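Asks: Here is what each chain is made of, one letter per residue.
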Amino acid sequence: MTLGERITARFTRIGLREKLLFSMLAAVLFISVAIALISRWILVSSLTNELEMRGFAIAHSVAERGGSYLLDNDIPRLLVLIFDEARLRQRKDLVAYIFIEDQAGNILAHTLTHRLPDNLRANTLPPGKPDSIKLMELGDQEVYDLAAAINEGLYRIGTVHVGLNKRHIDALVGKLRVAFLGFISAVVIITIILSSWLSKYITKPVSDLTRLSDEISRGNFDIPLKLGSGEDWDSAECPAFSNTDLPCWHFDQSRSGQTPAETHRKCADCAFYRKHTGDEVVQLGDSFRNMVWSIKLYRRRLRESEEKYRSLFDSGPDPIFVVDCASGTIRDANPRTTELYGYPREQLMDMPFLALGPEHNAACLDFFTEGGGGCVYYPKRLHYKNGGEPFFVNMHACPISYRGRQAIIIAVTDITELIEKDAQLIQAAKMKSLGEMSAGVAHEINQPLNAIKVGSEFLSMMWEEDLEIPKEHFGEVVNEISSQVDRAAEIIDTLRSFGRKSDLIEESVDLNQPVRAVLSMVRRQFELENIRFELELVAGLSPVRAHSNRLQQVLFNLVTNARDAINDVSNADTGGDRRIIIRTGNREDKVFIEVEDTGGGIDEMDQQKIFEPFFTTKEAGQGMGLGLAITYGIIKDYGGEIRIDSTKGRGTVFRMEFPAAARGETKA
Amino acid sequence: MSDKVLVIDDERPTLKMFTLLLSAYGYEVLTAENGLEGVETFRRESPDLVLTDIKMPIMDGIEALKAIKKLNPATEVIVITGHGDMDLAIQALNLDATDFINKPLKREALEKALTRAKERMTIARNSEGQVVLEEKNRAAVIGVRGNVSAMTMPRLTEAFEKAMAMDKEAVLIEFEKNASINGAGITGLTELLRGNAGSGTRVYLAGLSSNFRSVFEALGITRYAELFDQGRETLTDA
Numbered sequence: 001m002t003l004g005e006r007i008t009a010r011f012t013r014i015g016l017r018e019k020l021l022f023s024m025l026a027a028v029l030f031i032s033v034a035i036a037l038i039s040r041w042i043l044v045s046s047l048t049n050e051l052e053m054r055g056f057a058i059a060h061s062v063a064e065r066g067g068s069y070l071l072d073n074d075i076p077r078l079l080v081l082i083f084d085e086a087r088l089r090q091r092k093d094l095v096a097y098i099f100i101e102d103q104a105g106n107i108l109a110h111t112l113t114h115r116l117p118d119n120l121r122a123n124t125l126p127p128g129k130p131d132s133i134k135l136m137e138l139g140d141q142e143v144y145d146l147a148a149a150i151n152e153g154l155y156r157i158g159t160v161h162v163g164l165n166k167r168h169i170d171a172l173v174g175k176l177r178v179a180f181l182g183f184i185s186a187v188v189i190i191t192i193i194l195s196s197w198l199s200k201y202i203t204k205p206v207s208d209l210t211r212l213s214d215e216i217s218r219g220n221f222d223i224p225l226k227l228g229s230g231e232d233w234d235s236a237e238c239p240a241f242s243n244t245d246l247p248c249w250h251f252d253q254s255r256s257g258q259t260p261a262e263t264h265r266k267c268a269d270c271a272f273y274r275k276h277t278g279d280e281v282v283q284l285g286d287s288f289r290n291m292v293w294s295i296k297l298y299r300r301r302l303r304e305s306e307e308k309y310r311s312l313f314d315s316g317p318d319p320i321f322v323v324d325c326a327s328g329t330i331r332d333a334n335p336r337t338t339e340l341y342g343y344p345r346e347q348l349m350d351m352p353f354l355a356l357g358p359e360h361n362a363a364c365l366d367f368f369t370e371g372g373g374g375c376v377y378y379p380k381r382l383h384y385k386n387g388g389e390p391f392f393v394n395m396h397a398c399p400i401s402y403r404g405r406q407a408i409i410i411a412v413t414d415i416t417e418l419i420e421k422d423a424q425l426i427q428a429a430k431m432k433s434l435g436e437m438s439a440g441v442a443h444e445i446n447q448p449l450n451a452i453k454v455g456s457e458f459l460s461m462m463w464e465e466d467l468e469i470p471k472e473h474f475g476e477v478v479n480e481i482s483s484q485v486d487r488a489a490e491i492i493d494t495l496r497s498f499g500r501k502s503d504l505i506e507e508s509v510d511l512n513q514p515v516r517a518v519l520s521m522v523r524r525q526f527e528l529e530n531i532r533f534e535l536e537l538v539a540g541l542s543p544v545r546a547h548s549n550r551l552q553q554v555l556f557n558l559v560t561n562a563r564d565a566i567n568d569v570s571n572a573d574t575g576g577d578r579r580i581i582i583r584t585g586n587r588e589d590k591v592f593i594e595v596e597d598t599g600g601g602i603d604e605m606d607q608q609k610i611f612e613p614f615f616t617t618k619e620a621g622q623g624m625g626l627g628l629a630i631t632y633g634i635i636k637d638y639g640g641e642i643r644i645d646s647t648k649g650r651g652t653v654f655r656m657e658f659p660a661a662a663r664g665e666t667k668a
Numbered sequence: 001m002s003d004k005v006l007v008i009d010d011e012r013p014t015l016k017m018f019t020l021l022l023s024a025y026g027y028e029v030l031t032a033e034n035g036l037e038g039v040e041t042f043r044r045e046s047p048d049l050v051l052t053d054i055k056m057p058i059m060d061g062i063e064a065l066k067a068i069k070k071l072n073p074a075t076e077v078i079v080i081t082g083h084g085d086m087d088l089a090i091q092a093l094n095l096d097a098t099d100f101i102n103k104p105l106k107r108e109a110l111e112k113a114l115t116r117a118k119e120r121m122t123i124a125r126n127s128e129g130q131v132v133l134e135e136k137n138r139a140a141v142i143g144v145r146g147n148v149s150a151m152t153m154p155r156l157t158e159a160f161e162k163a164m165a166m167d168k169e170a171v172l173i174e175f176e177k178n179a180s181i182n183g184a185g186i187t188g189l190t191e192l193l194r195g196n197a198g199s200g201t202r203v204y205l206a207g208l209s210s211n212f213r214s215v216f217e218a219l220g221i222t223r224y225a226e227l228f229d230q231g232r233e234t235l236t237d238a
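Each protein sequence line maps, in turn, to chains A and B. Start counting the first sequence at 1; every next residue gets the next number (the working numbering). Start counting the second sequence at 1; every next residue gets the next number (the working numbering).
No lab work stands behind these hints, which were simulated from the structure alone. Nothing here was measured: the structure is a model prediction, and the numbers come from that model. Just so it is clear, CB atoms sit at the ideal spot from N, CA and C, and this is done for glycine as well. A couple of the hints might just be wrong.
Just the calculated beta-carbon pair ranges, DEER-fashion [said to hold, decoys possible]:
1) A/Val-478 / B/Glu-161: 37 to 47 Å
2) B/Glu-158 / A/Ala-428: 54 to 64 Å
3) A/Thr-617 / B/Glu-158: 37 to 47 Å
4) A/Ser-482 / B/Glu-158: 52 to 62 Å
Given the sequences, and given the hints that come with them, work out the whole structure.
Replies: Laid out in structure tokens, this is it:
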């Protein structure tokens, strides 16, 4: 560290007051010294010059008047002359001596009371020069010896020496110096007083503000805000302090219940906000107070808000997690989580969120780590309790900042009971459908049974009558019986799968499969009513995550509705266009099924209400109006959509679209 | 000479089995897969006996029955109905079907139906159904043979009134094995029995095939008359 740096460092450490004082002093001193030097140089040299000039004037005057005396060698007159000149008025302080010497260097006259010391004669005039000056010693004094030539015409006849008392000159200079120093000292003192007052005026509030800031930084907001103008604020005066719903106009610059307009930045002054008239220091003080007040106000609000939300977090009926985005671990969880998930709180902390729902949570975490903004909703996700018991939840996830890190707040609702109820409802509806189907199914089963019966009666008759059965007849009958048994078994299988309670977990389904299953149950029945099916099933459909037997339920509802719609406009005997067209296909990443009928179509008004529960166009007692509502619910459950395209008088198309699942795990 | 029988059923396997079975009974079997085809075959071959399923696409058994009866009212048409489907059976009887058999088909029932049909056909060739009134000790017995239809109904009514006039303890209407009742016959009989209700004379019906028993039960005729099979002698002998 160089000296300069050290000084700078030291300078930065000292207080503002000292800085002001020192810098002002330094400035004053510098100016004073400069003035002193300049004035000394000007004054002292001009004073000395002036005195020397006076000395020379005396010398020349003596030389002028003494020339004739010298020629006459009238020594007494010469003596009188030089004594007169030397003792004239104030000169006696200045002039130490006058003496005259002739050309040869002999002393003709002098004003000294004692013998002229020889050393005074050292100042000789160089030839051609009228005068000369030289500092001499006279006894213990210093004397400026001025020599001037005494001329008579062109010839020099002698020299006059005037000794100027140096002490007198110095005394004059000294007086001047004292006066000067006195002045400078006065200036310095005034400067010090002034600067200390000024610095005190500035630094006092600054150090007060510093002290306050320090206190506030330490979290102590209850210090009196006595700044500058004196009076402290009474927090009770501010209505916004006790009523946190009421914003402080000035600080909030918005009013409760009002949407902040573009111009709200210029709103009215807060009753609590004050601005004194005064200089910058006063204004700074006011601003600081306002700021502290504002912080105080918001701190209070923040605390209330924190308490409010903390209590919501802690007492909320649903589990809430705070999950770190980067690591995917749980950072915070409310008490409900421990109840629902069955993990102790300590274990839950820093547990990966993925562990609670390995199948579905990854998508949620990925959404946020990939920078997705806003809140997302994940319905019907599978989570696991401690011990592996699965249950269904709805998840709401929103991004937040938690302890300086990017995090997600995930609220979870246990909907297992709801889903079970839902499943029960669907199951009940399915049972009802089974009931509706039973007549058709009975007929359907009766057909193979009849063939079997007739075949076996043939065999038993032949056996009883002991008749020979031709071999090919025997084979025919036996094969037919076997294949008819298969057929009956297949119908029973389909029925059983339809009536089976669905698992809570979805499987991958090829949409053609439920179509075929439903048709196997109802096709004959519909054909007997003269309704024909046209199938446009695309092979190689993408699978869909769903329950096959619920989809059968949906299709059954739709085809029976289609049949009813067709029967409404024509009957089996009179004919007419009696067709149900079922199409399947892939469209982008969706898989669709369309069920089209050639019935009477649906009113525009009814189309909007058709999926509402208990809405029915059928006569009272004919239907509950739950079929399509349940259909709608089932389709929504699989992330699908259902739309109606219907023109009155020209039939109806129900189109269902499902998101395609990843290929390769088709079960059905 | 083997009798021609036309079987109409939309089930190909059933047709095949029928063909074998009926051939074994010595019939010449014609088959048709639906009503329309059946009617055409009937028109072409004019068989005396038709067995038809009711539920069929394109043209159902009822329609076929109507068409066949129109072509030849004397044709014996036996409808095959789903088990317990009494409505359709009655509907068919109303349309002059002479008998019905339940599915799955029992050989016994088929045999009986075929026998009855054969006998009826024989009777029909001689005369319309016969009604015979006999007076017994405690009861008047009305014997019925052949087909009770709109044509035989007046004779039955006459016999019934006579029987009532005998003022016996009971009236027994005895159906022969081959007897059958069509829709008009059922309606007439129902009216007769209803008219008698409250007169104090008990009416018994005897000898009905199980098919007709169930029809009578379904129609509520048993409210006016008791079905009576065994113990005929208790009424007639003593």
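Asks: Would you mind marking each hint as holding or not holding in the structure?
Replies: Hints versus structure:
1. In this structure, A/Val-478 and B/Glu-161 break the distance hint of 37 to 47 Å, their C-beta atoms being roughly 57 Å apart.
2. Checked against the given bound of 54 to 64 Å, the beta carbons of B/Glu-158 and A/Ala-428, roughly 59 Å apart, stay inside it.
3. Separation of A/Thr-617 from B/Glu-158 is about 55 Å and departs from the stated range, judged on CB atoms against 37 to 47 Å.
4. Roughly 57 Å separates the CB atoms of A/Ser-482 and B/Glu-158, a value that falls within the hinted 52 to 62 Å.
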